[in-house]
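Below, each chain spelled out in residue letters.
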Amino acid sequence: MTKKKKTQNNNFIIRFIMQFIGFLQKDFKLLVKRKKYLYLTLLFPIILSVIYIFILTPQPMKFDLGVCSLDSEMYVSKLLSGQEDFNYIGYNYTTCSDENLTLIKEDIRKGRTIAFLMIPDGFNDKITNYKQTEIIIYSDNTDMTLKSSIYWKVKSVIDNYKKSLLDSTNNQLKEEIVKIEEGINFTNEYVEEIPFKTIKNKIQNKIDETQKSIEKINGLETNFIINPVDVNMKPIYDVKEDSAIGLTFIFPIIALFVTLMLASTNYIYDRKTNYIVRLRASSASGIMYLISKIVFFFVLVLAQFLLVFLLFKFNGSVFNINWFGLLEVILLVAVVDSLIGILIGLISENEGVAVLISLILTMPFMFLSGIFYSVKVMPALFQTIANIFPLNIQIELMKYVVLFESYKPHNLWIYSIILFVIVYFIFRKKRV
Amino acid sequence: MKLFQKIKNIFNGNQTPIEAKNVNFGYGEKQILKDFSLKIGSGEIIGIIGQSGSGKSTFLKLITGVVNKSHKGSIEIFGKNKKTNKTKIGYVPQEVSFISELTISENIEVFGKLQGMTKSQSLKSAKPILDLMHLTDYIKSNPENLSGGQKVRVNILLSILHNPEIIILDEPFVGLDYYNRKLLWFFFEELKKQGKTLIMTTHMLSEIEKYANKIYVLQDGKIIVKGSPEYVKKYMKSTIILELKTTANPKEDQLKDIENYARKKNIKLIDVYKKNMIFNLENKNQKDQLLNF
Numbered sequence: 136m137t138k139k140k141k142t143q144n145n146n147f148i149i150r151f152i153m154q155f156i157g158f159l160q161k162d163f164k165l166l167v168k169r170k171k172y173l174y175l176t177l178l179f180p181i182i183l184s185v186i187y188i189f190i191l192t193p194q195p196m197k198f199d200l201g202v203c204s205l206d207s208e209m210y211v212s213k214l215l216s217g218q219e220d221f222n223y224i225g226y227n228y229t230t231c232s233d234e235n236l237t238l239i240k241e242d243i244r245k246g247r248t249i250a251f252l253m254i255p256d257g258f259n260d261k262i263t264n265y266k267q268t269e270i271i272i273y274s275d276n277t278d279m280t281l282k283s284s285i286y287w288k289v290k291s292v293i294d295n296y297k298k299s300l301l302d303s304t305n306n307q308l309k310e311e312i313v314k315i316e317e318g319i320n321f322t323n324e325y326v327e328e329i330p331f332k333t334i335k336n337k338i339q340n341k342i343d344e345t346q347k348s349i350e351k352i353n354g355l356e357t358n359f360i361i362n363p364v365d366v367n368m369k370p371i372y373d374v375k376e377d378s379a380i381g382l383t384f385i386f387p388i389i390a391l392f393v394t395l396m397l398a399s400t401n402y403i404y405d406r407k408t409n410y411i412v413r414l415r416a417s418s419a420s421g422i423m424y425l426i427s428k429i430v431f432f433f434v435l436v437l438a439q440f441l442l443v444f445l446l447f448k449f450n451g452s453v454f455n456i457n458w459f460g461l462l463e464v465i466l467l468v469a470v471v472d473s474l475i476g477i478l479i480g481l482i483s484e485n486e487g488v489a490v491l492i493s494l495i496l497t498m499p500f501m502f503l504s505g506i507f508y509s510v511k512v513m514p515a516l517f518q519t520i521a522n523i524f525p526l527n528i529q530i531e532l533m534k535y536v537v538l539f540e541s542y543k544p545h546n547l548w549i550y551s552i553i554l555f556v557i558v559y560f561i562f563r564k565k566r567v
Numbered sequence: 002m003k004l005f006q007k008i009k010n011i012f013n014g015n016q017t018p019i020e021a022k023n024v025n026f027g028y029g030e031k032q033i034l035k036d037f038s039l040k041i042g043s044g045e046i047i048g049i050i051g052q053s054g055s056g057k058s059t060f061l062k063l064i065t066g067v068v069n070k071s072h073k074g075s076i077e078i079f080g081k082n083k084k085t086n087k088t089k090i091g092y093v094p095q096e097v098s099f100i101s102e103l104t105i106s107e108n109i110e111v112f113g114k115l116q117g118m119t120k121s122q123s124l125k126s127a128k129p130i131l132d133l134m135h136l137t138d139y140i141k142s143n144p145e146n147l148s149g150g151q152k153v154r155v156n157i158l159l160s161i162l163h164n165p166e167i168i169i170l171d172e173p174f175v176g177l178d179y180y181n182r183k184l185l186w187f188f189f190e191e192l193k194k195q196g197k198t199l200i201m202t203t204h205m206l207s208e209i210e211k212y213a214n215k216i217y218v219l220q221d222g223k224i225i226v227k228g229s230p231e232y233v234k235k236y237m238k239s240t241i242i243l244e245l246k247t248t249a250n251p252k253e254d255q256l257k258d259i260e261n262y263a264r265k266k267n268i269k270l271i272d273v274y275k276k277n278m279i280f281n282l283e284n285k286n287q288k289d290q291l292l293n294f
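These protein sequences, in sequence, are chains X and V. Number 550 in my numbering belongs to position 415 of the first sequence; there are no gaps in the numbering. Number 233 in my numbering belongs to position 232 of the second sequence; there are no gaps in the numbering.
Just so you know, these hints were derived from the structure itself, not from any lab. One should not assume that every hint holds.
With a cut-off of at most 30 angstroms between alpha-carbon atoms, the simulated DSS-like pairs for lysine-lysine come out as follows [said to hold, decoys possible]:
#	chain 1	residue 1	chain 2	residue 2
1	V	K120	X	K164
2	V	K194	V	K120
3	X	K407	V	K89
4	X	K170	V	K141
5	X	K564	V	K22
6	X	K564	V	K35
7	X	K565	V	K152
With the hints as constraints, model all of the structure from the sequences given.
In structure tokens:
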């Protein structure tokens, strides 16, 4: 190679490096100067993670529960003794008349109490005579989640009461059985003295049958009456901590939401300031420009992951991490999401339209990601659609690399290459 | 300067800075450039004039690669395909473009890097331009806070940091006052003395005829006349090019009234551009008639 050619090559390499660094420097400088985007990048993951960890993760909490008894007050304390889910607010509505009922409903509407429990008249009488009775719960039926929550919590309180009732009944039964056994033993003593063998054998057989029935009843467990078939869920994955599972979908969703908006508005800003015009007129290549965007968003996505990860760790989540796999997943998240974002920027007239399209895309992605409803229970068509969404693949990959310290083969790289080719093609052809 | 040009031509092998041959280009069925050919030498100031939509800006964008679409014909920069010789061109876009969140020196660094220059190279290259453009005192300022004329100068500065041999300017004088225009022409003359080739589109015929070596007149994508300013004026049978600037916000029918009046008086209207109307006058009488409207 001649000296001139070597110098030319070196100049080309230096120019190439300078241009690449220049792209990155510009984007980072702008991120710092345009503070709203910096806040979006850093604050949004923190806010969403905090909401997930501290609000959506079930925490023990007490409900204010109003109670009125048409029977005796003593059954209220019996019913609610030993439970910790409710603050019992005693009411002076011993008659629970229609008029009081209106006041009770008003109290619930105004939020003075979450729900109201009514013990009907004749409650004790029915229980004592082994007849089914009921308890009525008044609650806000327009809040579906709360209604369901209250029902299950009251049911668990009643189940405890039912168990204590059944235990007491069982004990009473056992006492009766003891008496019966005493009676049988007493009878047995005198059976031998019956002279007529046939009659004696018949009586003996009956006593034996009765003895067997009593043994059977004696062996009856209260738990069998309450819940004859218990369902026991066993995990197939060795996940040390359930709260860690949240990271696997919170992070990809945050990355998708933020990167789509940032990447699209970033590109539109470059277009608006005629940076794209200058880029096209320069010797810098469009491919290098796009790659620099991917690198830029990789850094941002990595920063977001670290923030979310630290919050989950602070909350006590335990992970089994495959670090190389994790790095690959974060890179893939950045590649795919930033390219989709740039694509949105290419087709949007302005930043407002870009943000709107980003939001419109993020919503169905989220709903089909399995965060609200499992993909496996969706109709077949939606399952097919969901399984080709990059977000779902990212969530699945995250599970393997942060929960199981493992890796799952995937086609996200092919996805990325196809997306890159499409974006580059439109970028080149788009009029500026 | 002629000796310098001769030496330069020896190194470049007598290569023409820009040569376009039979360029045909359009979007869909709309043909914008038709059999467009031109040859531009070093150290020249070339003016391209024409009505809005005649293809002036499109041609500039084709040379620089801002328009990526393929075209018929060839465009060569110093005898090579335009894509391989981009470092020799500096393109000054019509819309002022810089990053408003950054200072001028930061913009110099960013746009210098776009040309593959280090920070120190960019600032070193920018220094004499800043001095010539009277922008040295504003280097730490945000260009958004500058006057219109200063913004245009910053726009030019950022396009020529890499010391290109060909500078392409799309309507550089739009909205500029007399002082800024004079300053720009002073600067362009300095560039010309350095052997640079300048190509600019403009509506300011009256100004470009004083400084341009050659003028090309475009109409419907075709060059209808080319040559020295005197030749072009003679061809178009005009001695005066009058640019009427409307200061208020004129309505469509008000502009139409002026146009109809001009037609009645046999005064040729060349172009209506934003709020300005440009007329081709044959004598001073026509000027008086027009101004009396």
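Evaluated hints:
1. K120/V / K164/X: Roughly 15 angstroms between the alpha carbons, so the hint for K120/V and K164/X holds.
2. K194/V / K120/V: holds, 27 angstroms
3. K407/X / K89/V: Holds, at roughly 25 angstroms.
4. K170/X / K141/V: holds, 20 angstroms
5. K564/X / K22/V: Satisfied, since the Cα-Cα distance of roughly 23 angstroms is no more than 30 angstroms.
6. K564/X / K35/V: holds, 21 angstroms
7. K565/X / K152/V: holds, 27 angstroms
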